[in-house]
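Based on the hints, put chain W in the right spot on chain A.
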Amino acid sequence: MPVTTPSREAHFRALLEAAPDAVVITDGDGNIVLVNVQTERLFGYARRDLIGRPVEILVPERLHDRHVGHRLGFVAAPRVRPMGEGLELSGRRADGSEFPIAISLSPADTDEGTLVIAAIRDVTRAKQAEKEVRDRETRFRALLEAAPDAIVIADTQGRIELVNAQTERLFGYSRDRLIGQPIEILVPERIRRGHVAYRDAFIAAPRVRPMGENRELFGQRADGSEFPVEISLSPVHTEQGTLIIAAVRDVTDRQRARHEIETLNERLLRDNTELAAVNKELESFSYSVSHDLRAPLRAIDGFSQALLEDSADQLDDTGRDYLNRVRRAAQRMGVLIDDLIMLSRVTRADMHLRQVDLSALAQGIAEDLRARDPARMADFAITGGLTAQCDARLIQIVLENLLGNAWKFTAGRTPTRIEFGSCRQDKGEAYFIRDNGAGFDMAHADQLFRAFQRLHDAARFPGTGIGLATVQRIVTKHGGRIWAAGEVDKGATFYFTLE
Amino acid sequence: MIEKTILLVEDNADDEVLTLRAFAKNNIKNQVVVARDGAEALDYLFAEGAYEGRDTNDLPQLVLLDLKLPKVDGLEVLRRIRADTRTELLPVVILTSSREEQDLVQGYRLGANSYVRKPVNFDDFLEAARQLGLYWLLLNEAPPRRSG
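Residue numbers (the working numbering), protein chains in the order written: chain A, 1 to 499; chain W, 500 to 647.
If you're looking for bench data, these hints aren't it; they were derived computationally from the structure.
For glycine and all other residues, C-beta sits at the position ideal for the given N, C-alpha and C.
Mixed in with the good hints there might be a few duds.
Unchecked claim - If the Cβ cut is set under 10 Å, some of the chain W residues that face chain A in the computed set are: (1) Asp513; (2) Asp514; (3) Ala521; (4) Asn526; (5) Arg553; (6) Val592; (7) Ser596; (8) Ser597; (9) Lys617; (10) Val619; (11) Arg629.
Said to hold, decoys possible - As a list, the in silico EDC-like pairs of lysine to aspartate or glutamate whose alpha-carbon atoms are at most 20 Å apart: (12) Lys524(W) to Glu309(A); (13) Lys524(W) to Glu98(A); (14) Lys127(A) to Glu168(A).
Stated by the list, open to error - Just the calculated beta-carbon pair ranges, DEER-fashion: (15) Asn265(A) to Glu600(W): 51 to 61 Å; (16) Asp557(W) to Leu268(A): 53 to 63 Å; (17) Arg332(A) to Glu600(W): 23 to 33 Å; (18) Asp317(A) to Ala582(W): 26 to 36 Å; (19) Gly610(W) to Asp441(A): 51 to 61 Å; (20) Leu269(A) to Ala546(W): 49 to 59 Å; (21) Arg354(A) to Gly610(W): 28 to 38 Å; (22) Ala546(W) to Arg332(A): 38 to 48 Å; (23) Gln453(A) to Asp557(W): 25 to 35 Å; (24) Glu600(W) to Thr476(A): 42 to 52 Å; (25) Glu600(W) to Cys423(A): 56 to 66 Å; (26) Leu268(A) to Ala546(W): 28 to 38 Å; (27) Ala546(W) to Ala329(A): 38 to 48 Å; (28) Glu600(W) to Asp317(A): 52 to 62 Å.
Chain A extracted, bound-state conformation:
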């Protein structure tokens, strides 16, 4: 099937073999008459396996019928053109695998009829690159649409090129009403002129930055209403020139929240100042009580005593009794004042929490009580090793009061038995102090912890009625709870927890 003189044919062959593409030449019936080495390499066939075979051997089977049709069509009206314009073309290798190709066809009229020359190029890589670009574009779009901010992309002239769905929603414009418009369409009219100047300045020295640092920014909706925004700008350099990406965030809610916080803070500050003033007043009040109220009491007691000593012979028994009553009353008031001060001090006291050995504290207090009345038969049962995270000085007051009460209300009980221990509660450990003393009627249990409330006869069991109120304040200060159980003449148990 020589088509030219031998020397011309050799020249043609050399050209063919040097071509970068696979070249396949077929006759009018679609049979392969010539292939080059690129064809062998590309399709994985030896030349001899191709010559004389229908060209469909290089086409995926599923496309054979269609290909025959196309081929006949080309032969009927042959001209140089790329094959399958707008179609994805595939080649088939000897091993059956397929790969994307681009083909350019040209007819060659010879003595033996029209031959068709097909130049075939593997476009796997180009397709891949194309797909990557498409994927990237898709991802970018998805990102753009998913962004919580309105994103507006404009050119250096300030014309809007692209917006996302959030922009439509935020500003109330449909996309097509924004594209191509000056960006100032989104800016309140009163500041549009200034905005153009800002925009030009940004274009002159573009960099990623928040817009309008230290200024309040506003956007304008399609309906003319304004809302506060925060905008961050970044330049993107593309082949079409620099684009400006503006991310616009509606900060209405945040500003409202900030204003609310500011208002609350101001109120808090005011309350705090008031509270501090009240506290200061309370402090100076309690200082006065502690200092000034005690001085007259001291005078009452002291001069009554002086009178009793110096002028005893001028008084009869009744007179002396009266003076003793005056002294007792003054002294009792002194104790009351001390207890009240203690109560107020406990309320104001700063807490210094540390691990405290409650058993050791209780033991020490028990020894003090015993020393006060060594003749009394008393049995203290103190569970060892009870510790708690608490303020040592405050808890000392709690234990002094509770053990002191137990001691007081068991007076005359033989043998006296006072217990300090702990038990499990739903919310952790509860400590208790139990005695076998006078007890109380559970019907009045709620009055126990109220200041000045007393359930017992003052002559038999002296006291100010402030001790348990103080104890309760301390326990509450520790995040704990205090309660009591008892029965008249059978004793009482006081429980408390410490958080």
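Chain W in isolation, oriented as in the chain A frame:
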């Protein structure tokens, strides 16, 4: 030999009488100089004002200092006593109604030698006066006197 005086800084006349009575009951016979406010106490110690010309070497054996005083309060008096080389070693006992922690802490911080709270009960007051006299006037070795 300079007589061992006690400087009692006390603005409350009742407390003054009771304190003097408590001393007498306890056979404390030292001369007691009474200053009725902080300024007077300082004038006495530094021989100023009404006490101009007094010998500043003639220091009391003991100062009993109330805290709540007119003009110059007790803590300020204490601060000035400690700040002056003539009186820095002078034994000062705070004798007051207050048991506020801030007073206690400030008192000791400023160099009080002791802090005694005046009890309401006169029997307790007597006992406090007895112990004060026993300790500060009899047992305690006074700091060496400076010669002016």
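* Asked: Against which earlier hints does the structure fall short, listed by number upward?
  -> The structure conflicts with hints 4, 5, 6, 11, 13, 14, 15, 18, 23, 24, 25, 26, 28, although it agrees with all the remaining ones.
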